[in-house]
Structure formats: structure tokens, C-alpha cells
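Start from the sequences, fold in the hints, and give me the full structure.
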Amino acid sequence: MSSAEWQLVGFSLRVAVASLLLLLPPGLALAWWLARKEWRGKALVETLVSLPLVLPPVVTGLVLLQLFGRRRPVGGWLHSAFHYDVVFTWRAVVLALTTMSLPLFVRAARTAFEEVDVKFEQLARTLGAGEWRVFFTITLPLAKRGVLAGTLLAFARALGEFGATIMVAGNIPGRTTTLSVAIYQAVENGEDAHAWALAGVSAVIAFAAVFVSEQLQRRHR
Amino acid sequence: MKGPILTANFQKQFPGGPKIVAKDLRIGGGITVLFGASGSGKTTILRCLAGLERPQMGTIAFGQESWFDSARKVFQPPKKRRVGFVVQDYGLFPHLSVARNVSYGLQELPAAERASRVTEILRWLGVEDFEHRLPSELSGGQQQRVALARAVACRPKLLLLDEPFAALDLPTRSRLRGELRQLLRQLGIPTILVTHDRLEALALGDEVVVLHDGLNVQHGVVHEVFNRPVSLAVAEIAAVETIQPGRVLSTQDGLATVAVGEVRLVALAVNLPPETSDVYVCIRAEDVSLMRVEKLESSPRNRLAATVRAVAREGPLVRVSLDCGFPLTALLTESGRAELALCEGTEVLVLIKAPQVHLIPFQR
Amino acid sequence: MNNPSSKLLATIVAMAAGLGLQAAEINVFAAASLTDALKQIAADYERSSGDKIAFNFAASGTLSRQIEAGAPADVFFAADETKADALEKKGLLVSGTRKSLLGNSLVIITSVEAAAIHSPAELTNAAIQHVALGEVQTVPCGTYAKAYLEKRQLWAAVETKVVPCASVRAVLAAVESGNVDAGFVYKTDAAVSKKVKVAYEIPAEEAPKISYPLALLKDAPQPEAARKFMAYLDSDAATAVFKQFGFIVLTAPADK
Chain G
1 MSSAEWQLVG FSLRVAVASL LLLLPPGLAL AWWLARKEWR GKALVETLVS
51 LPLVLPPVVT GLVLLQLFGR RRPVGGWLHS AFHYDVVFTW RAVVLALTTM
101 SLPLFVRAAR TAFEEVDVKF EQLARTLGAG EWRVFFTITL PLAKRGVLAG
151 TLLAFARALG EFGATIMVAG NIPGRTTTLS VAIYQAVENG EDAHAWALAG
201 VSAVIAFAAV FVSEQLQRRH R
Chain W
222 MKGPILTANF QKQFPGGPKI VAKDLRIGGG ITVLFGASGS GKTTILRCLA
272 GLERPQMGTI AFGQESWFDS ARKVFQPPKK RRVGFVVQDY GLFPHLSVAR
322 NVSYGLQELP AAERASRVTE ILRWLGVEDF EHRLPSELSG GQQQRVALAR
372 AVACRPKLLL LDEPFAALDL PTRSRLRGEL RQLLRQLGIP TILVTHDRLE
422 ALALGDEVVV LHDGLNVQHG VVHEVFNRPV SLAVAEIAAV ETIQPGRVLS
472 TQDGLATVAV GEVRLVALAV NLPPETSDVY VCIRAEDVSL MRVEKLESSP
522 RNRLAATVRA VAREGPLVRV SLDCGFPLTA LLTESGRAEL ALCEGTEVLV
572 LIKAPQVHLI PFQR
Chain L
586 MNNPSSKLLA TIVAMAAGLG LQAAEINVFA AASLTDALKQ IAADYERSSG
636 DKIAFNFAAS GTLSRQIEAG APADVFFAAD ETKADALEKK GLLVSGTRKS
686 LLGNSLVIIT SVEAAAIHSP AELTNAAIQH VALGEVQTVP CGTYAKAYLE
736 KRQLWAAVET KVVPCASVRA VLAAVESGNV DAGFVYKTDA AVSKKVKVAY
786 EIPAEEAPKI SYPLALLKDA PQPEAARKFM AYLDSDAATA VFKQFGFIVL
836 TAPADK
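Protein chains in written order, with the working numbering: chain G, 1 to 221; chain W, 222 to 585; chain L, 586 to 841.
It is worth saying that the hints were derived from the structure and are not from the lab. Be aware that one or more of the hints could be misleading.
[As the list claims (entries may be wrong)] Covered, in the sense of this in silico footprint (three residues per stretch, anywhere, with C-beta under 8 Å from a C-beta of chain G), are these stretches of chain L: (1) 636-650; (2) 718-731; (3) 762-768.
[Claimed, not checked] Which residues of chain G face chain L? A few of them, derived with a C-beta cut under 7 Å, are: (4) G69; (5) R71; (6) V87; (7) F88; (8) R91; (9) N171; (10) I172; (11) A186; (12) E188; (13) N189.
[Claimed, not checked] Straight-line alpha carbon distances no greater than 25 Å define the calculated PhoX-like cross-link-like pairs of lysine-lysine that follow: (14) W:K300 <-> G:K119; (15) W:K300 <-> G:K37; (16) W:K240 <-> G:K37.
In this text, a Cβ means the ideal position worked out from N, Cα and C, and glycines have one as well.
In C-alpha cells, the structure reads:
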């Protein structure tokens with residue numbers, strides 16, 4: 001493995017972590033809303049959130065391209081107002097990873113929140129806690145295991161993301177090329193040894209993530 | 222006489238479920254027991270008072286504070302009501318130590334004061350040794366005390382206890398009942414306690430509110446309510462052992478003569494509406510005296526000949542089923558029964574004082 | 586009695602044979618830049634011959650990899666001789682059928698709102714943030730573009746702005762969408778799009794030699810029909826269409 005290849009791994013890890021940071025606040029909020037509240041149109045929200053799980057990733061990538069392209073609604077505004085480009089930059093990679101991993105995280109976190117008995121939250125309220133305090137001191141700690149499992153799942157998904165990424169960020173070596181994309185390109189170029197080396201790294205990281213996740217769950221049992 | 226501390230008048234309808242009505246509820250200081258069978262709405266009323274459920278309409282006021290007013294769209298969330306709440310299985314936060322559970326409601330205090338208040342309360346309840354333990358490491362009784370500690374640590378204005386003994390076994394229950402009464406007395410916080418256990422109501426409550434089918438039907442001092450139920454429903458809820466239909470034959474000098482089948486009984490006619498004819502006759506088993514031979518000094522106005530139909534031990538007491546012209550239940554100690562040598566078929570004399578024969582007019 | 590029945594039998598056999606011949610479907614793996622021209626030629630051919638042509642348009646490198654992996658194909662029509670060389674070395678081409686048919690010019694295109702470029706050196710300007718190029722190892726157009734920029738000593742400066750694309754048509758699409766500022770395509774590609782403008786045409790003497798080899802594949806399912814189609818591609822009718830789209834038609838065959 002050359003230094004270029006290690007840089008590639010470093011980049012993939014960095015954007016996966018960045019996507020985690022980006023998806024945690026909205027992910028936790030969504031998971032909590034879906035777990036605790038009822039409202040008209042809830043089914044619609046549930047469907048929208050689950051969509052990236054079921055749609056072909058390239059379709060999700062296409063939708064992102066339609067929104068964040070330089071001439072499109074969001075991308076155009078960002079470009080003209082802040083000279084901020086999304087497509088074909090690392091930001092597009094983070095965007096794609098966040099979009100694809102969010103539904104997985106929300107599902108896991110929602111289940112975790114649903115398993116927290118509401119009576120604890122209610123008792124906390126009688127003791128004078130406001131909603132934010134109830135969430136951070138009662139709900140979240142009691143849902144810790146499930147939320148963590150969801151985070152690891154999201155991380156693994158982000159690392160393996162390909163379809164949406166290649167659509168919206170392309171494959172620019174050193175700037176948007178992730179592990180998965182690099183493996184694909186290596187095969188395209190007929191560079192089998194290179195492809196296998198990268199695939200090996202990918203497998204090792206995935207193994208480590210799942211292993212840690214399993215250990216965490218076991219310790220709490 | 223002090224005015225009520227809490228007044229409530231509300232309705233809560235569960236979609237596709239029961240309707241709970243708190244009609245003109247007035248709770249004073251001291252310990253008030255909300256008494257009723259399971260499903261009678263006691264817990265719902267308690268939760269509405271705490272702010273954990275929201276009634277469809279009505280009002281709840283604590284002193285001058287309006288906690289809920291559907292007409293003026295007022296609703297104080299639990300946070301603002303300063304109510305201590307203890308649930309059936311205590312609800313101690315499983316991930317926090319005892320000390321942190323108890324200090325949860327004390328965030329407004331500076332850290333030092335918080336710590337000292339926690340220690341003080343734990344010591345007072347006798348659980349200071351468990352300060353750093355997790356709730357899962359405590360026994361049921363210990364958890365109950367910690368839950369109580371947590372609820373009273375922030376000096377609430379009102380304390381609500383939902384079946385505090387439901388999660389404990391019988392011996393622990395009887396042991397802790399007396400202790401709890403003492404504790405509550407010492408605290409001096411107006412308390413509302415929910416239970417379906419008559420012994421708990423008698424042991425703990427100053428006043429009792431009886432609930433039947435989601436509606437409060439009688440309110441008063443505990444033993445008065447249980448001895449003088451105003452309706453058949455309350456009599457059944459209060460587990461009066463003998464309830465028989467009867468007819469008032471005549472009333473004179475404050476006494477009424479009632480016929481139950483062929484038997485004539487004398488009862489007090491106070492509070493009996495004039496022209497009452499059909500009544501239910503209620504006699505508590507502990508008010509029935511039995512003897513083999515009549516003593517001339519005895520004063521009860523009701524003397525009946527009866528035959529023992531069955532004798533059943535109930536712990537330290539004995540339930541004696543008699544036939545005196547109608548089915549009658551008496552409660553004696555085992556030694557009393559032995560002294561009278563009662564067994565199936567024995568002929569005895571039943572004595573009941575007139576005030577202990579309670580009449581409930583028929584309600585059509 | 587023999588004569589009419591044997592004649593009938595012969596007719597039936599001939600018809601059957603003819604039907605068999607007429608149902609031929611030829612798989613043509615062709616460079617993406619040939620998309621519009623070949624589709625039109627194929628439409629004409631299908632009408633006259635009765636055979637059907639199924640196309641697989643992609644970057645030449647992608648196609649050669651697929652052929653190596655065993656994809657069923659009859660004809661290979663690439664934009665780069667090296668791709669055909671690779672297949673020939675592996676013995677996947679039928680010897681004697683390879684022919685360099687077409688040439689092309691390289692152009693720099695820009696999106697309609699981008700700043701105008703008058704020379705390749707202007708690609709190094711700060712105003713040009715993204716330059717789309719075909720993936721240099723699989724897309725001939727990208728290989729040519731890189732070779733050209735290296736020759737002009739502009740590669741080091743432009744490399745950091747490069748957005749690699751999977752085919753020359755992908756480059757075209759990227760420039761059309763406005764997500765990149767400029768791109769390298771063939772003149773023939775720029776011609777089919779109204780949403781881009783040609784900023785600079787690389788003169789033939791400065792550009793690398795662009796040559797489109799055509800060959801029959803050894804494992805072709807329909808070799809006879811394929812040969813017929815390949816012959817048609819060399820005909821005047823086809824040549825006219827190629828010229829119409831802007832391709833350069835090479836008159837001499839490849840020196841192989």
C-alpha cells in the first residue's frame with residue numbers, strides 16, 4: 001500500500017466521520033419526534049426518511065444533483081451568495097454519505113427511544129426538568145446502546161457508500177475519491193492488485209466496526 | 222375549618238375508552254386517600270393533578286394557582302406545579318445512583334446545598350448507606366424510600382402516591398404501612414394517596430374519596446365513609462360484609478324499624494329521607510357480637526337467634542357465616558371463637574347495636 | 586410427383602435458412618463519441634439488410650475491460666488504438682479485420698455562462714475552477730487531453746482542477762449542467778449539443794493522433810452478419826454520415 005493509498009483511506013475515514021457529525025443532530029431529533037409524537041402526516045415523514053434506504057443509491061444521488069448542482073435551487077444559491085460549491089467537492093461526498101446513512105441511524109435510534117419507558121421522562125418532568133434536560137439526562141442515556149449501535153451502522157454504511165457519491169461528487173483523486181469509488185475505478189482501469197489492496201483495507205475497517213459494535217452491546221447485557 | 226387546598230372539577234375521556242369525572246373534588250391538608258377498585262380512575266385523576274394527563278374540560282386549582290382551566294386555555298405543565306410523584310414501581314432512574322436520583326429535582330440549588338439536602342433526606346428515611354448504589358441493587362422497601370426521598374427533596378407543595386405498596390409482598394406491606402404514615406405525618410405535606418386496599422386506606426388516610434366507575438361518589442373521614450356508605454356501590458367497594466335489602470316499617474324517636482325478610486332490626490334513622498321505604502341494610506362483620514347465653518347487662522337493641530353455617534380462618538381472625546333469618550357475617554378472633562366453641566351448626570345469639578345498622582335508601 | 590414436393594421442400598429449407606439469416610442481432614461495442622453517428626447509420630442499415638444492431642456505448646477502456654471479462658460482443662469500435670492493441674495482444678481480435686476508420690479533433694468547450702477562453706493557457710485562470718476530462722486511463726478523449734496538456738506544459742497547473750468523468754459524453758453532460766467550467770471533448774460531441782460553446786479547437790498538428798480502430802471479435806456470436814456490417818461502415822453511405830457529424834474519415838487502413 002502506497003502513501004497515496006493510505007491518504008485515500010484517511011480521506012474516506014474523515015468524510016465518514018464528518019457525515020456522522022452532520023447527521024447526528026437532525027437524526028436524533030427526527031428519531032425522537034417519530035418515537036414520541038403523533039401528528040397528521042407522520043406516515044409521510046416516515047416514508048420520506050426511509051426512502052434512501054429503498055431507492056437505488058444512484059437515484060438518491062440524482063436527486064441530490066438536482067438540488068445542489070451549480071444551476072439548481074440550493075446549489076445555485078450557495079454559489080451566488082457564498083461562492084460555495086458543493087458538487088465535485090468533498091462537501092458533496094459528505095452530503096451523499098449523510099443522506100444515505102441518515103435513515104439507518106434514525107431507524108435504530110427511534111427503536112432505542114421507543115424502548116425507554118415514558119414514565120421516567122414523566123417523572124423527570126414532575127421533578128422540574130424541561131424538555132431538553134429530560135432528553136439529555138434521561139432519554140438519551142437510557143437509549144445509549146441503541147443509539148450507539150445506530151451510529152456504528154451509519155458509519156459502516158457511509159464508508160461503503162458508492163452510488164450516490166459517484167453521482168454527486170464524481171471521482172476526483174485526492175479530493176472526492178473514496179475507498180469504494182477507488183476500488184471501482186481500479187477495476188475499470190484493469191489494476192487488479194490495487195483494487196484488491198483497497199478492498200482488503202475496506203474489509204478490515206468494516207470488520208473492526210462490527211466487532212466493536214458487538215462488544216459494546218455485549219458489555220451492556 | 223380550613224378551606225380546601227386543592228379543588229378540581231374535570232373530565233377526561235380516553236378515546237374509545239372510559240370517561241373519568243372528578244366532580245367537585247375538594248382536598249384538604251393531611252393525607253387523603255383516593256379509594257376504589259382497579260380501573261375506577263384513581264390513577265388517572267392523580268396523573269391529571271400532576272399534569273401528566275390533560276383533561277378535556279374543567280378546572281384544577283391549587284390554592285390561588287390555576288393549574289388547569291379549559292375555558293381560559295390554561296395548562297401548567299408538571300414542571301411548574303411543584304408536585305412530588307411516586308409511582309407504583311417507584312420509577313427510580315436506573316442509570317443514576319441513589320444520590321443522583323434524589324438530587325435530580327434540586328438543580329436550582331447550589332451544589333453544596335444540594336449535597337447536604339440529599340444527605341439529610343436520605344438519613345431521615347434511613348437509606349443513607351445506599352447513597353452510591355444503583356436502584357437495581359436495592360430491595361423493594363428501600364426503593365420505596367428512595368422514591369419518596371426523591372419526591373420530597375425539592376419540598377413540593379403536594380405529594381401524590383400511586384399505590385405505594387402494590388409492588389411489595391404482604392409482610393413488607395404491613396410492616397411499612399405504619400412507618401409510612403409516620404413519615405407522612407412528619408413531612409406535613411398535603412398528600413393524596415391512591416389505593417384499592419381497605420386496610421391501607423384505614424391505616425394511612427385522614428380522609429377518603431371513594432371512586433366508582435370513574436366518578437367520585439363519597440368523601441369524608443375514613444371510618445365514617447366506610448361505616449356509613451351513601452350508596453350500594455360504595456358499600457360494596459368498602460367491602461361491607463353484610464348487605465341485605467330491607468323495608469322501613471316505622472320510624473320513631475330517631476330510630477327506625479326495618480324488616481329484612483321476617484327479621485326485625487332497629488337502626489338509627491338519622492339522615493334518612495322521610496317517606497323512605499326500601500333500603501339496603503349494611504352491617505360490618507366486626508360490629509356483630511356473638512354469645513351463647515344472654516346477659517342481662519347487654520344493651521344492643523338487636524338480639525337475633527342465629528345458626529352458624531360456616532367458620533373460616535383468615536389469618537389471626539375468623540370469619541363466621543351465620544343464618545339469622547338472612548345471611549350475616551361476623552368477624553371474631555380465634556380465641557373468641559374457641560371460647561364460644563363455635564362450629565358449623567352451633568346455635569348462637571347475635572347482638573348488634575342500633576347505630577351499627579346502617580341504612581342506604583334505594584336509589585332508582 | 587417427386588419434382589413438386591422436392592421443390593416445395595427446397596423452398597421451405599431456403600425460407601427457413603433465410604429466416605435464420607434475417608434474425609441476426611449484432612452486438613456492437615462502440616466509443617461513446619460515436620453514439621449519434623452510429624445510431625443513424627445503424628437505422629439505415631437495419632432497414633436495408635434486415636439485421637438488428639444492439640449498441641453498447643461507453644468509454645473505450647470500459648468496453649475493452651468488459652470484452653476481456655467475457656461480455657458477448659461482435660464488433661469493437663474504439664476511439665483509441667491502444668485499447669485495440671490490448672485486446673489484440675490477448676488474442677481477442679480476429680486477425681486481418683482491424684482497420685482504423687475515423688479520426689477526430691479535440692476541442693475545449695465551456696458552459697454558456699462561463700468566462701470565455703481563447704487559448705488552453707487560460708485554463709489556468711482562477712476563474713476556471715473545474716475542468717472535466719475523461720478518466721485518463723479508460724477514456725481515450727481524456728488520454729488525448731492529458732497528453733496534449735503535458736505537451737503544452739499546462740498539465741501540472743490544470744491537474745488540480747480536473748474532474749474525471751466516465752466517458753466523453755459524461756464530460757459533455759458535466760459542462761452542459763454548468764457544474765464544471767470547461768471540458769475536453771471531440772469536435773463531433775460539441776456539435777451535437779446546443780448547451781455548450783466551443784472555446785478552442787486544438788489544431789491537428791498540435792493534437793495527439795486520434796484514431797478510431799474497428800475490428801471483429803474472435804468470440805463473436807454472429808461473425809458473418811458482423812462482417813457485413815463492418816463492410817457497410819466502410820461504405821460511401823456510412824462515410825457520408827460520419828462526415829456529416831464532423832468525423833475525419835481516414836482513407837488508408839491501419840498498418841497491421
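Here's how the hints hold up against the structure:
1. 636-650: holds (count 3)
2. 718-731: It holds: at least three residues are needed, and the segment 718-731 of chain L offers 3 whose Cβ sits within less than 8 Å of chain G.
3. 762-768: holds (count 4)
4. G69: 5 Å, holds
5. R71: Given a least distance of 4 Å, the restraint on R71 of chain G holds.
6. V87: 5 Å, holds
7. F88: 5 Å, holds
8. R91: 13 Å, violated
9. N171: Holds, about 5 Å.
10. I172: 6 Å, holds
11. A186: Since chain L brings no Cβ nearer than about 10 Å to A186 of chain G, farther than 7 Å, the hint is violated.
12. E188: Because about 5 Å separates E188 of chain G from the closest Cβ in chain L, which is inside the 7 Å limit, the hint holds.
13. N189: With a closest approach of 4 Å, the N189 of chain G hint holds.
14. W:K300 <-> G:K119: 15 Å, holds
15. W:K300 <-> G:K37: 19 Å, holds
16. W:K240 <-> G:K37: Between K240 of chain W and K37 of chain G the Cα gap is close to 23 Å, so the pair holds against 25 Å.
In summary, the numbered hints that this structure violates are 8, 11.
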